[in-house]
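**Q** Sequence:
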Amino acid sequence: MYDLSIIIVNWNTKELLRRCLNSIYHNTNKLSFEVLVVDNASGDGSAEMVEKEFPQARLIKNKENL
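According to the working numbering, the sequence shown is numbered sequentially starting from 167.
Hints listed in this document are in silico derivations from the structure and should not be mistaken for laboratory results. Warning: the hint list may mix true and false statements.
[To be verified] No more than 25 Å apart at the CA atoms, straight line, and that leaves these computed lysine-lysine pairs for BS3-like: (1) 227 / 180; (2) 229 / 196; (3) 180 / 229; (4) 218 / 229.
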């Protein structure tokens, strides 16, 4: 059980998502938390960036922008 669940819905905002995730992981050191990123079929490499740079985040890849 986590103290906090953070859910981020993303569509084609790779750089903003990167900054958001960096901020979360650098500023929540006293909490137990989970991060879920829901990517809505981004074409800018957002999902790949999450997989590569933030493997601790749970990534949900939708096949279309919901």
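**Q** With reference to the structure, classify each hint as holding or not holding.
**A** Right, here's what the structure says about each hint:
Taking the CA atoms of residue 227 and residue 180, the gap is near 14 Å; set against the 25 Å cutoff, the hint holds. Distance restraint check for residue 229 and residue 196: the Cα-Cα separation of roughly 35 Å exceeds the 25 Å cut-off, and the hinted pair is therefore not satisfied. Distance hint between residue 180 and residue 229 is fulfilled; the C-alpha atoms sit about 17 Å from each other, no more than 25 Å. Using a Cα cut-off of 25 Å, the hinted pair residue 218 and residue 229 holds, with the two alpha carbons roughly 19 Å apart.
Hint compliance for this structure: hint 2 is the single one not met.
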